[in-house]
Amino acid sequence: MDFSEVELTAEQQAFEKELRDLLDTNWTPDYAHISLDHDRAPDAVRTGMVERGWIHPHFAPDAGGAGLGEIEQQIISSLFEEFYMASPGGNDLLIPTLDKHGSEWLKANVLPGLRTGELSTCLGYSEPDSGSDMAAAKTRAVRDGDMWTINGQKMWTTGAHHADYVFLLARTGPIEEKHRTLTMFLVPMNLPGVQATPIWILGGGRTNVTFYTDVEVSDDYRIGGVNDGWSVMSTPLATEHGAGVVTEGVTPVNGSMGQSFSRTFAKLIDGAIDWAASRKDAEGRSRLEDPLVRMALAEAMLDLEMCWNAAGELGKPMAAEALATNADRLADMAAPEGILDFGVDGKIAAGIIASQRLHSPGTAIYGGTTEIYRNNLARRLGLPRPY
Amino acid sequence: MTTTLRRNDYTLSDEQDQLVAMLRSLFSEKSPISVVRDAEPLGFDAQLWATVRDNGLLTISVPAEAGGDGGGLIELVLTGIEIGRTAAPVPLLDHVVALRTLARLKDEGVELAEGSWESALAGETILSLAPISSWELGAELVPSGALAKSVLAFKDGSVILMTREGLAEQAPNEGCTPVAWWDPTDASVSVTTLLSGDQAAELWELTRREWRIATAASLVGILAMAGEIARAYSVERQAFGVRIAQFQAISHDLVDMHMDELTSRNMTLKAAWLTEHEPDFRPELAAMAMAQATRSVLRSTAKAVHVHGGMGITLEADISLFYRKAAAWALVGGGTRRDLEEISKAVDRRAIERTRWHETHELAKR
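Order-wise, the sequence lines are chains X and C. Anchor point for the first sequence: position 254 equals 253 in numbering that gives the first Met the number 0, and the numbering is continuous, going up by one each time. Anchor point for the second sequence: position 339 equals 338 in numbering that gives the first Met the number 0, and the numbering is continuous, going up by one each time.
The hints are simulated quantities; they were obtained by calculation from the structure and are not laboratory data. Ideal Cβ placement from N, Cα and C applies to all residues, glycine included. Be aware that one or more of the hints could be misleading.
From chain X, some residues computed to sit far from chain C (all C-beta separations above 12 Å) [as the list claims (entries may be wrong)]:
id : residue
1  : Glu288
2  : Asn308
3  : Glu370
Pulled a few chain X residues facing chain C out of the computed Cβ check, cut under 7 Å [stated by the list, open to error]:
id : residue
4  : Thr27
5  : Met294
6  : Met300
Stretch-level coverage of chain C by chain X, calculated; a stretch enters the list once three of its residues show a Cβ under 8 Å from a Cβ in chain X [what the hints assert, rightly or not]:
id : stretch
7  : 232-244
8  : 276-288
Next up, chain X with everything else stripped away, as it sits in the complex (with noise of 0.2 Å):
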């Protein structure tokens, strides 16, 4: 059991400062940019990491990474924190996955730029009439010698407007075979009959529905065997659920996307600790010192502790549900301004509690619905699977 600081060395101390001086440059603190993960970082500030290896920076200098530890990637998250940018976007969730199932050809021509992160990827499993049971997707994928043909269509492909490849869940055979008929390719989204819509969500943010027209794409795309695919995306789904995370090191328990919510979480206590620290009643007392704006955010500030100390996947629904229930506290707590978004005179901290209001009930459904991940965890608990 250790939580002692981390006695930072020269060389990390340098890190810290090259990384600082080059956000700085680079950009001004933004509420307004911590939508989850629907913003990413500026390319100047991509660009920058890029040439660097920090996109992925636990990677080997020779794989596209900077062979630093898990210190320098806890300074990236807390300095992205500290400067109010999304991150950068990188591809972990996929890396593992090509190494281990991709095409020598995939491995040769894309691995390397998904690597250093000047290529990016968005995941193409969700579709209009399937979300978190995907294996009733129904994108079909029809094989012709070398090359595939795709015809369908995917829902929140977050990202699909930027991103250079689509990891894409496909049927390859009867559907009524559920997912003993799926194959996973790697699309390239450049392709003719490939198009990205925007969906514009609460909030602001913005996620795509793409469409999968005749788009005809080589052997050299598919990703492990054909109807392999459940098993192929099995471990980039655990990744992103924040499955087997190690409670050892400087890295927080609470796994990938649960962490990620509970730093929006603060941001959100912070915006409303700035409010009550601006604003007076009508005796000229700072709000701070109101026992009831006290009582909320004294119960925001436990909820939080709470989700730092959720481990593994306990983190996403706790913190996405943490996340919804204060944002309504502190939008009651500082109301009638609590409900002023970005740009409106007299908004709260840039409007940041309203507009994380707007945004928590999408982190309860992305990802993975908290219904789903309870399931996960009861059968960890040794439940029996749901009737």
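Add chain C to chain X, keeping to what the hints say.
Frame of chain X; chain C shown alone:
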């Protein structure tokens, strides 16, 4: 600004794992639910008290200089969890927290009554403390107050020790926990002032923190056992031809109970480690652990009762016993309102950090 990072490692050492195994086997053997029931309504079993004493559990977290084994708060938390798992009817946690504070006072040169330390360390007399005495005037309900010969409290800026000849009468309660009213102005209570001034306030603050952490640990144990009992029932009990755990309305509640247990456990361990190693860093963590464990144990034991359907509300069901203990153990320290008051001081600390952020950074216009 520069970044500070902290380690985030909850793993137990091999020795701590061994301690847990020893405690698990000791309490499951010596404190089965029949012992807990037989100890009601007082909530004390003298034989079990002798057993925990003989196994060295009273001295495990007492400093070596004071005659203890030199263990720390983590060991006390691990003990507390096992006590909670069996709802063991012994006032071990209150007693040890009081011993730790008395050891600090002894270390400061404070004189205690002749022989009183030795008899407390040997478990011949029981000590407790009055966790809400800094808020309340006059009499207050004291945990383990019906068993204690002496009770530590904080009154008018001083740490005091209240001592009485006979035992105070238990204030009857559904949880059958040995609480009793103690009043420093009561003629049968003698009061000694042990420490005054800033030092006294500091010592009391630390005492309160340790008591919150130890008590939160016992609630973690209740959470763990309530979860185990409810899960076992849910895979056994059939309705509509299936095991009731197959209904998501049931299994999702069981998952939520598990989340309550794990977050409460992690927060308690983290608060214990930091209180011991860096008491000035985030002093609100002990109150957070206690508040989290309290709200968790209240809602989760209620869910555990509900999973049992009608059986859950019968007095003979094991789960109803844990439901009764949950509130009694969790609320005797004054409830989450007082924890939140403590946590709200962290709001002021964060407001100062926010000022520093605004001095360092410009903000994009929106």
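Reported absence of X/Glu370 from the contact zone with chain C (all CB gaps over 12 Å):
Incorrect as stated: the minimum Cβ-Cβ distance to chain C is 7 Å, not above 12 Å.
Would you say X/Glu288 is clear of chain C, with no C-beta pair closer than or equal to 12 Å?
violated (9 Å)
With a Cβ-Cβ cutoff of 8 Å, does the stretch 276-288 of chain C contain at least three residues near chain X?
holds (count 5)
Does X/Met300 pass the interface hint, meaning its C-beta sits closer than 7 Å to a C-beta of chain C?
holds (6 Å)
Answer holds if the nearest beta-carbon of chain C is closer than 7 Å to that of X/Thr27; otherwise answer violated.
holds (5 Å)
Run the C-beta distances from X/Asn308 to all of chain C and say if the shortest one exceeds 12 Å.
violated (4 Å)
Would the hint on X/Met294 stand, with a C-beta cut-off of 7 Å toward chain C?
Status holds, d = 6 Å.
Taking 8 Å as the Cβ threshold, is the statement that the stretch 232-244 of chain C is covered by chain X upheld or broken by the three-residue rule?
holds (count 5)
The structure fails hints 1, 2, 3 (numbered hints given earlier, in ascending order).
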